[in-house]
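S.K.: Using the sequences and the hints, build the whole thing.
In order, the protein sequence lines correspond to chains U and Z. 1 is the number of the first residue of the first sequence in the numbering used here; add one for each residue after it. 10001 is the number of the first residue of the second sequence in the numbering used here; add one for each residue after it.
Worth double-checking, as some hints may not be accurate.
Unchecked claim - Derived DSS-like pairs (lysine-lysine); straight-line CA-CA distance at most 27 Å:
#1 Z:LYS10361 / U:LYS930
#2 Z:LYS10429 / Z:LYS10166
#3 U:LYS461 / Z:LYS10361
#4 Z:LYS10191 / Z:LYS10166
#5 Z:LYS10141 / Z:LYS10239
#6 U:LYS268 / U:LYS243
As the list claims (entries may be wrong) - Computed footprint of chain U on chain Z, listed as stretches where at least three residues anywhere in the stretch have a Cβ under 8 Å from a Cβ of chain U:
#7 10097 to 10110
#8 10232 to 10240
Claimed, not checked - Some chain Z residues flagged as far from chain U (calculated, every beta-carbon gap over 10 Å):
#9 LYS10141
#10 GLY10168
#11 ILE10278
Calculated from the structure, these hints are not laboratory results. All C-beta atoms in this analysis are idealised placements derived from N, C-alpha and C, irrespective of residue type, glycine included.
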Amino acid sequence: MTFRKLLLAAIPLASLVSCGTTSSTPPSTLALDRPIDVAFACFGSLRITGGGRMGTTADPFATTATPIEACNDYALAAAGVVDPNDSNNNQPIDKTKYPLGQEDLPNPGQPSTATLNYYALILQSVSGTVAVATWQPLPPVKMIAGTVQVMDVDPLQPGASGISIGDLPVGIVTDRNGCFAVTANAGTCDLSTLDITSALDTPPNPIVDRLDVTNGNGDVILAKPAAIAGEPTSGVIGIECQKTPAGILYVAYPGCHRVAAIDAATGKIQSSIVFDAAGTATIDPDPNFTCPAECGAGGAVVAGTRPSSLDLVDDLRTYLQKPAPTRRLAIGADNSNKVTVVDLDEQHLPTAITQIPLEGAIGLTDVALSPQIRMGGTAGDIEDDFTLSDANGGPLGGQFQFVYAVATDGTVRVADTINVKHECDTQIDPRTLTGFTANPGDIAYLSCIPDNDKPRRAGAKGPGIQLVGDARPTAVTIVHAVPTSLMTPANPSAFMGYFATITATNGGVFVVNVDDDNYADVYDPTQPLSTWLPLVLPHQLRDRIKNRDTKAEEVIPEGDHSTTVPVCNVSESVGGAGPDVTSLDSLTDGPHLWPIAGQEVAVALGNAAIDLSRRQELPTIRQVLCTGMDATKPVSELAFAAPLANRLASFPDLRAMHVDEQWILAWEGPLSNDSSTEHIDGQVDRIGQVIVDGTGMRVVEGGKPFCEMGVEPFDEVILKGCDPNAGGVCGYGNTCFVHPDSPTGVGSCMPANDVGVLSDPCREFLISQRHYAATTATSGELRLIPRRHVLHSTPITGCASADQCTTLEQHERQLNDEPPANGAALPDPSSEPHHAWACEADPSRPGPNQCIMQCTKDEDCGDLDDAGKSVASGAVCDAGRCVEGVIPPLQCVETLQRYEVHASQAFVMIGSRSGYLHPIIADANGTCVKDPNASPTLVGRIPLTAPACTTGANPCSLTIDQTETEPAYAPTTDKPCELADPPSQIVTRQAPAIRFSNPTMTFELVDPIYPGDQTCVGDRKGGLIDVPTVFPGYAMSVRIVSGFQSYALPLAGAAYPINVVRGPQESIWVEDEGDFLSTTSVSTRGRVYRVEATLPGTINTLQ
Amino acid sequence: MLRAPALSILIAGCTASAADVIPPNGDVDCHVDPNNPNSASCAQRFFWPTGIAISPDESVLFVADANSDLTYNSGRIDVLELTKVEEAITSWTSASHTLGTGCTKDTDFSETMICPETPYLDRQASVLTGNFATAVGVQAKDSDGNLRLVIPVRGDPSITWIDWVKSGTDRFLQCNGTEVGTYATCDDDHKLTRLRDDSDPTQPGITDEPFDVFVDSVNDFAIVTHLASGSASLVDLPKDGQPSISDAISGVFGADPQTGAIGATAVAGRDPGSPDDIVYVGARTEDRIQTFTVVRPRDQPALLQAGDFFFLNTVGSLAGGSRDTRGLAFGSGGDRMYLINRLPPTLQIYDTSLGPQGTPKNEGMSAVDICRDASRLVLADSGDGDRVYIACFDDGQVYAIDPRDGGRVTDVISVGRGPYDLVASPSKKRLYVSNYLENTIAVIDLAPGSPTRNRVVLRLGEPKKP
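M.R.: Okay, structure coming up:
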């Protein structure tokens, strides 16, 4: 479902606009050019000890690259001793954290310790270059914007130049010692190695070598690589770099259906993981295989599984539950639904394979592997850091190691690879997840709910994580946020635990809670607002709205303490301009109703025949009693001030909600919500071809929109005609003709030259309301019959006789009258004028008998004024029955016709963001039918009758408490309707109701029928049975705010983030490919953002 | 959206008016000196080639010379004989690497042969058109290979239609009641400039800047977009009758609030030939796709029926939207839509398969970052699955993208300056690219397994110096 506003076409046209290209002048200061990947290095002046011992003043210093752990140690040292009370982080350097051999050894003329900096090696694929950025080894808390700077590695070239590295490189890694960066090149099917020291030395003299990949026979492999991963740096600090790279590299070759383990020093393949056509992976220890030569020498690729993404994680921590270090490689194939995890030995060579099939015919385009996580833990305790809190690694939910995979169905799939070893379903409808407690078994179950174990929320594409709106994920990584101090509980920006960050095509970078150690693990019914289930569960998009636990309460100071009291007049209830949903901080609290123009439920009566004093006789959304210190009054069950149980019941799935949505419940309302400037679920005002032939009348659209609209049999089709005052609406050669007898002034598009001829034969059509019933609906065609003119107050169980219809019409007419003045009783309605009625089956409406207006001529079908005189209404007489449209001669409708489709005999619930939700699909013949497999909450109609709620139906009928303010009468002999003092009273009564649940909310529509009044307005003693008061044009609106809004990293200007990488100290590095280089607006050739996982507001932007 | 077409604003062109300023047609009857095919009297050279199209039997390539600098007094439609082109490539790519007559080896790209275009053109078939032709659409009229070209011509402005007639062994373009081929100038009967009845000066003229064209051969219509007005024109193309502009809808798209720029750009049909083919139209200033169907009421001209629209929200919607659509193509029987936008520069892949409700899903699936200022795209399957090729006007490159399962750039091909349009020959496994800024047609080898796959193996025309 999409939602967007159109541009308004209000600007005069430029008379001559070139159709050629748009010229652009890139800003001269831009250093990056469409970055796709980044690797990290540590470089500087280092004491050379040979490693493994403390340094001495005799040890020489050398300028060299070194394993990144050296910089990490200096960053730790710079953090000093953390003092939460020192907001300036001015703690002295903790020199005890210096790496072994780099101790602080003052020695005149010599450095006292190493001088190292971090470097980011930013890969730019199209230009085949590596840009370099640098920053000091600082802890996250000391990072500020501007700390990281792009550097110029070629002073002889203007601007901050990069290093030419290869042809179409697909990824970059550093080798085991941190001395070389290696790229895999799709353009030349080889590797490039960059000597980091040569590139970062002063002056830079980058040494780039090409490294062929060879098999066991020494034959060159010329397959195109798609991804590269390297073992994390683990070399010795205190030695100078060797002349060749070290360690094992993994390169994915989709065309060869293999992932090869390659010796970084020689390019020789050591082993490989090979995929068969079914996606099953095996370890092939024989390095002597060949691949199609995709680069230069011919060789066609054959079909097969295409491994294309990699992630390698060394989890070296040990504890009782994990007694040995683990090293694992995750592999995704872009045409296989199996995620593959390979256990590696100490040399990082493959030893065992685990494969987990994911649901559906999907492929995986990016993968991220987490370390082992002990699931669970709350309220600021970093349960996952075993060195700090729990040496045993248990208990809570137990150990999990998740792989996150970007899938081709537009979701991010999750699977556990060590414990339950199955896909985790992230889309379970929270309504079905009740009764879980904080025992280890429950936490374990919720940590990875088996795929398809429970019903999913309506609209779920599958088990994967769905981003918001139309965003599609591009990449994912997992970071571990370990703040230096306790964070504010439930603060959206307070990251503590494991989180996945997901880049998306729409420019967003989303955050997913893998294991949020700053939030509850299960729903706690004693603290429901602090434990919203969609926020409790792992693998859910992170929420960005604060203070979800707020209640309608007020804190009253009382001396040295304060008291919290319930209130009913919460600030929102006064209405106003509404919340600013564009700001991070403007929305707070749980979801609740926001008044529209001061009304909790805004009501529109259209051209209703009902007096305002009778409004309470119409169906409405249930109200409940709010008892506060400030007031006692009825409030909507959706309101913030409603009792907590009502609020919670009203919004059962926070994640399914839009952050701000207005819902309209319109009786017999349109099935679409779009205007000419919005797109949600299709246009209300449609254009189609009306065909009249021997088979009847039908409306046809080539786009076949009707099942998508949710049309059901007997829905109403209104041919809208045209406005003669709006030029150009009928197309060239046609005119908007208004028949002189038309009571409505609505015209119809007709051939301009034929109006005189067609006026008479088309008269009945032209003067009618042109309302039809769609007897059958297929995706491209609606068959129409004229809609009968019926009495709105026909009992929902059907009429019994024509006389009953007459009585009900008289009663209905009285609803339009103001109540008598001076406390007088209601007049006897039997004196009201009336039409002639037949009580019979209505071919244009299914169900029981209807009161259908009888006639002998058109005049019999008009509205009656108070004197009983007929006023033409657009209903015309056809075969003794009044109808709202006639089947016209074909020539009357030969031009394209505007029309609308409305529901029949039901409220239509339609959201400003969700649109009209329905279960209608097309069957094999194209007929619109209800999907038998649809979620029971995928409904958008509320009829006035429904099965009892005890049947489990939705919607369903019940009797329920309704609290409202009603007139209070103090009858006297001559004034039976004299109002009391006060003139109103709050009452709670049992009311008939229809309970309705859609994916976002549940509520009761009370009083679908009304018994009528006997003496005074609102006395409910009329004795009418099953008589409704609704009428076309009656609509209610509610606005629900503080629904779900996903937390996104606040990256200004990100246009097309293509990749995200976990960086030093759990920093998050986002590569943005940029946008069009505009001379008139801010744009770039791409950016790289560094975000601190624990301080997501601290962002370094490179461009 | 207004259905009344706006009056056209005729461009006061600066076309050379001297009778002798004719395009470099050469002398039709001259004998081409095999040792000097570009001799002054015989040379027929490309000049600002823009739109290109291939015949359904892949025997000829139609090239629109736009005459963009108005050096000559008209544009021209050339007919490139692909059999001859293939013969030259075969010789060149053989082990002997035989250069064609008058051809040279590209000094920068050893796999590329550069040849004069004259010997490969059916010079007697060419016709002259208005200036600034932008695209070429092809309607298959019958199984004998007779075709009709539909060409948006900005300079007139008109929608020019030209018949490709096969008569025995003769083949020629015809857009003149009295002449065929031989550089005949298209007459007014073949330039559609007014709605319904071109001969009636009271009828509204077409809007400015006809830009792109989609032709549905089976359903006998073409839709032309207009870059300067956001309009779409429907051309009724009865196979045995006179084409006419039967309907037009203006205001399909709105103007950019800041610049006032407006425009309907790329157009393509989801399932050409099907009874209810849905035609998708992209915009220059909006991130929106508008759909149309064509209806033919009884005894009425064919009409454009505007259907639903959808926004391109999948890409860049958090950074100001994704707009300036320059190319649209459908693959997999209409189940996939490939779209290139300049902002952000992306190939966007949409799922346009029919959903459970019988309506195209129109859901974004994935996107691939591409070059800046892309102009057109084409889909080609040379035997190992669909590939998308994108002309990168500014960079002189063609991007080759494997769109499967998320999509990835598989090659970046240096192709020449100002690549504008491209078409593929699946049977020959070639891609033809018009290089607007250097007056050449580049031929790229698409054959899987070929050592020159995704490389320019032949450049026709002497590259004009910058």
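S.K.: Name the hints, by number, that the structure is in violation of.
M.R.: Going through the list in order, the structure violates hints 7, 8 and 11 and respects the others.
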